[in-house]
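A.B. asks: Residue-level listing of the chains:
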Amino acid sequence: MSESRKLTRRQVLQGTAAAGALGMLGNVEWIGQAWGASDKVKMGFIFVGPRDDYGYNQAHFEGKAAVAKLDWVKAFDEEKVPETIEVQKTMESMVKLDGAQVLFPTSFGYFDPHIIKVAPLFPNIQFLHCGGLYQEGKHPKNVGSYFGFIDESQYIAGIVAGGMSKSGKLGFVAAKPIPQVLRNINNYTLGARSIRPNCTTNVIFTGDWSLPVREAEATNSLVDQGIDVITCHVDSPKVVITTAEKRGIYCTGYHCNQSKLAPKGYLTGAEWNWAKVYMDYADMIRKGQTVPHLVRGGLKEGIVKVSDYNQVVTDAVRKQADAAKDKFMGGGMVVYKGPIKDNAGRVVIAAGKEHVQTDIWLESMDWLVEGVIGSTKS
Amino acid sequence: MEVGWWGVLIAVLGGAIRIGTPFLFVSLGECLTEKSGRINLGLEGTLVMGAMTGYAVSLHSGSPWLGVLCAGLAGMVLGALHSWICSFQRVNDIAVGIAMMLFGTGLAFFLGKPYIQPSAPRLPSIDLGAWSDIPQLQAALQINALFLVGIVVAVVLGWMLKNTAWGLKVRVVGESADAARALGLPVDRIRILSTAQGGFLAGIGGSYLSLYYPFNWSEGLSSGQGLMAVALVIFARWQPIGCLWVSLLWGGAAALGPSLQSVGVTGGYYIFNAIPYIMTLAMMIITCSPKRTLVGVPRELTVTR
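Going down the list, the protein sequences come from chains D and B.
So the first sequence is numbered by the working numbering: it starts at 190 and just counts up by one.
So the second sequence is numbered by the working numbering: it starts at 5 and just counts up by one.
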């Protein structure tokens, strides 16, 4: 009995070693195949949440789906990958097994330390991260970043909201007071106040990216306070939009188009247009061009867009919103032009001073503009 | 109409009912299970599974009420599984409960993938606020029939535990399994039935989340209602009618954070949002004592297996 057990164990060990060696060979072959056999551009996408959440991840997935339609592109994705060592494994297997030439890990938290750690292992593969964390010289050469100024779309949505509101009170359900979120709140408010100077935006911070019950409560509380247009910055706007529709108020969307969820009240929305970004990247790689380290843009560059207006939006409001949109498209729009006060009465941008969209100063925003009811302090 | 600070009161009232209803069902389920002498920590998984099942069935059949029923049945299966495993010798119900919690949520996430995006038919609401001419109050008193069902279940369950032969059997099994066996009662069978019924209620609690409020199926839907139910039952002293009051209290507390921000109390929202959890913690500390056991605790719960 003991004899046979020994034998078995040895056999198992031998077997494992052989399998390991074969596996390694297999990997080498796979990479060879990936480079040689097919001339398709192979793109891998990694999402932190589900593909169809009516939110951030769906916006990226729609971009992937658009690029996957091209017959010279092979695109694959993996959803619900946590921002842990898991994403490193996913990146490695996408390169080794699927032969990805370029990876798009789309979540903010994938960058440090995960992309930074994996990228140097595969110097021929491009790692393009969605978010503003890449720094020239500090990070590996085959890493880059792309991001869009969605606050430009929020400015337009703010104009529509301000124009359509009866009470002049807007609502904003936000997750956390980080610069990106504050920029959206401020742009929304500045947009509304550009056509209706006494408009206010009431903000509720829920404290995290996905808290459906609290998002619904926040929406109800805001409606009770007389708010009649609401928007949000959370992972999935589904709950806020459906609750607003049930309470019979207007809403504007975020991340992607939610008009199906609220056919009556969905006025417009701030949407990503990742399809454009991914198409451009695919094209560059196909032509063998060097991929730029930083890709940024707003309405003009087509990286963000505005949902089609609901039929209830009046012509006068459409005209005002479109005028601002044209100004953005022409590149002549500066939202942060002094004098601008914060909601505590402090002058944050002096008269005559302006901060253009790409100004790094805006990326450290920690204040709320005059007209916002809310506080960045937790 | 301007309601100002009254808005907080209205939100707490509305929230007590809206947020409290799933707490009510899960804690009633846990109450019944614990009365029979077992703790089912798996109710969190049951709740999530119920939410997914309810949403999926409502979407496919077009009937949200059929969804509620199927959510209950799914919960019943999970409850029966828990108590069947626990009926073997030297199996610890807490450990099995944790396993069932992970199993239930994992299974729900796995099967629920196709249901994140579609919109299922919603459960209808009943207007109890038609007498008032304040729209905010009308909205707060727009309730779902499940809340009324929950009240009836709480009352009936309390009465049955106290006054019927069935209730007596459940209590005997919960007080002393040995005494129950001496009386010739089928201890395991009674526990399996109680836990399965408890699972049924928890499953319905889950379907309320996905089919009425906040009305959505997503993986972040539950914020630990199933786990907190265990604490609520302790606070309710294992009385079903107590579960009703405690659930309302917890629901109202959860509504406080957002509503304070809406009236302009903008600081400290992390603290306000944490009130239900702080209350749970405080209650556990107050009710814990090495010197005495709690009033109303089924003795079998204190037996280490």
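Some clues are possibly wrong.
[Claimed, not checked] Derived SDA-like pairs: lysine to any residue, alpha-carbon spacing no greater than 20 Å straight-line:
| hint | chain 1 | residue 1 | chain 2 | residue 2 |
| --- | --- | --- | --- | --- |
| 1 | D | Lys269 | B | Leu111 |
| 2 | D | Lys435 | B | Ile130 |
| 3 | D | Lys358 | B | Ile130 |
| 4 | D | Lys269 | B | Pro122 |
| 5 | D | Lys327 | D | Lys435 |
If you're looking for bench data, these hints aren't it; they were derived computationally from the structure.
A.B. asks: All hints, please: hold or fail.
C.D. replies: Hint check:
For a cut-off of 20 Å, the pair hint linking D/Lys269 to B/Leu111 stands: about 15 Å separates their Cα positions. For a cut-off of 20 Å, the pair hint linking D/Lys435 to B/Ile130 stands: about 14 Å separates their Cα positions. Between D/Lys358 and B/Ile130 the CA atoms are separated by roughly 29 Å; this puts the pair beyond 20 Å, and the hint is violated. Restraint check: the Cα-Cα separation between D/Lys269 and B/Pro122 comes to about 18 Å, which is no more than 20 Å; the hinted pair holds.
At most 20 Å may separate the alpha-carbon atoms for a hinted pair to count; D/Lys327 and D/Lys435 exceed this at roughly 50 Å.
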